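Let the sequences and hints guide you as you build the complete structure.
Sequence lines, in order, name chains A and B. According to this note's numbering, the first sequence is numbered sequentially starting from 1. According to this note's numbering, the second sequence is numbered sequentially starting from 1.
Below, in silico cross-link-like pairs of lysine-lysine (DSSO-like), each with a Cα-Cα straight-line distance of 27 angstroms or less:
| # | chain 1 | residue 1 | chain 2 | residue 2 |
| --- | --- | --- | --- | --- |
| 1 | A | K103 | A | K70 |
| 2 | B | K83 | A | K103 |
| 3 | A | K38 | B | K9 |
Restraint ranges, calculated between C-beta atoms of paired labels, are given here:
| # | chain 1 | residue 1 | chain 2 | residue 2 | range |
| --- | --- | --- | --- | --- | --- |
| 4 | B | P105 | A | E15 | 25 to 31 angstroms |
| 5 | A | S61 | B | A81 | 40 to 46 angstroms |
| 6 | A | E15 | B | G16 | 45 to 51 angstroms |
| 7 | B | D30 | A | R50 | 16 to 22 angstroms |
| 8 | B | Q17 | A | I60 | 45 to 51 angstroms |
Because the hints were derived from the structure by calculation, they are not lab data. Keep in mind that this is a model prediction, so the values were computed, not measured. Every residue gets a Cβ at the ideal spot worked out from N, C-alpha and C, and that includes glycine.
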Amino acid sequence: AQKVTQAQTEISVVEKEDVTLDCVYETRDTTYYLFWYKQPPSGELVFLIRRNSFDEQNEISGRYSWNFQKSTSSFNFTITASQVVDSAVYFCALSEKGGATNKLIFGTGTLLAVQP
Amino acid sequence: DGGITQSPKYLFRKEGQNVTLSCEQNLNHDAMYWYRQDPGQGLRLIYYSQIVNDFQKGDIAEGYSVSREKKESFPLTVTSAQKNPTAFYLCASRPGEIDEQYFGPGTRLTVT
Numbered sequence: 001a002q003k004v005t006q007a008q009t010e011i012s013v014v015e016k017e018d019v020t021l022d023c024v025y026e027t028r029d030t031t032y033y034l035f036w037y038k039q040p041p042s043g044e045l046v047f048l049i050r051r052n053s054f055d056e057q058n059e060i061s062g063r064y065s066w067n068f069q070k071s072t073s074s075f076n077f078t079i080t081a082s083q084v085v086d087s088a089v090y091f092c093a094l095s096e097k098g099g100a101t102n103k104l105i106f107g108t109g110t111l112l113a114v115q116p
Numbered sequence: 001d002g003g004i005t006q007s008p009k010y011l012f013r014k015e016g017q018n019v020t021l022s023c024e025q026n027l028n029h030d031a032m033y034w035y036r037q038d039p040g041q042g043l044r045l046i047y048y049s050q051i052v053n054d055f056q057k058g059d060i061a062e063g064y065s066v067s068r069e070k071k072e073s074f075p076l077t078v079t080s081a082q083k084n085p086t087a088f089y090l091c092a093s094r095p096g097e098i099d100e101q102y103f104g105p106g107t108r109l110t111v112t
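If you want it as structure tokens, here you go:
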């Protein structure tokens with residue numbers, strides 16, 4: 001069965017600290033997609049990144065970076081030099097290619113609080 | 001501007017009443033989804049629709065109903081049969097087979 005685990009329920013850091021949000025997934029498929037979404041206090045989910053299972057290259061976008069390791073079934077997200085505006089709930093999600101629904105399986109989210 | 005709209009932002013109902021949540025998109029996306037979010041939990045899929053006039057149950061469809069008469073609209077009705085309807089409801093749409101889903105701003109429903 002598919003499953004996404006975000007073991008960190010809440011993380012609190014001080015501005016300018018680096019922070020890593022962990023995501024571990026389970027799937028039997030060889031082809032799948034992983035996503036990260038940000039949910040600010042307003043409630044809307046904002047898409048951050050999609051990664052397919054054949055592309056293990058790490059990705060960097062500004063202060064954001066993602067580390068995908070199939071060997072450990074992890075897709076971790078690092079924010080460098082955190083800012084107060086990064087405060088939000090972050091969700092990791094999994095989707096299997098070929099499924100009729102392209103359903104997203106979400107983790108329970110990590111609440112990140114960045115203190116000034 | 002293209003996007004997904006959900007109205008209203010906040011909705012209050014008395015127990016025993018049906019209520020319909022609106023979801024509209026002008027992105028020309030074929031697939032649309034409804035999720036429910038409870039405090040401290042991830043999103044759970046209620047219903048989804050891959051194409052007009054077709055929809056399927058998700059993981060927690062009991063007590064909910066939907067329709068998809070138009071490509072741009074996917075309303076969700078929370079019926080009186082839903083035992084714990086108070087939650088945050090998010091609508092999403094997806095442009096292609098493997099693309100990410102894009103979400104609306106959500107409707108927070110409170111039933112007392």
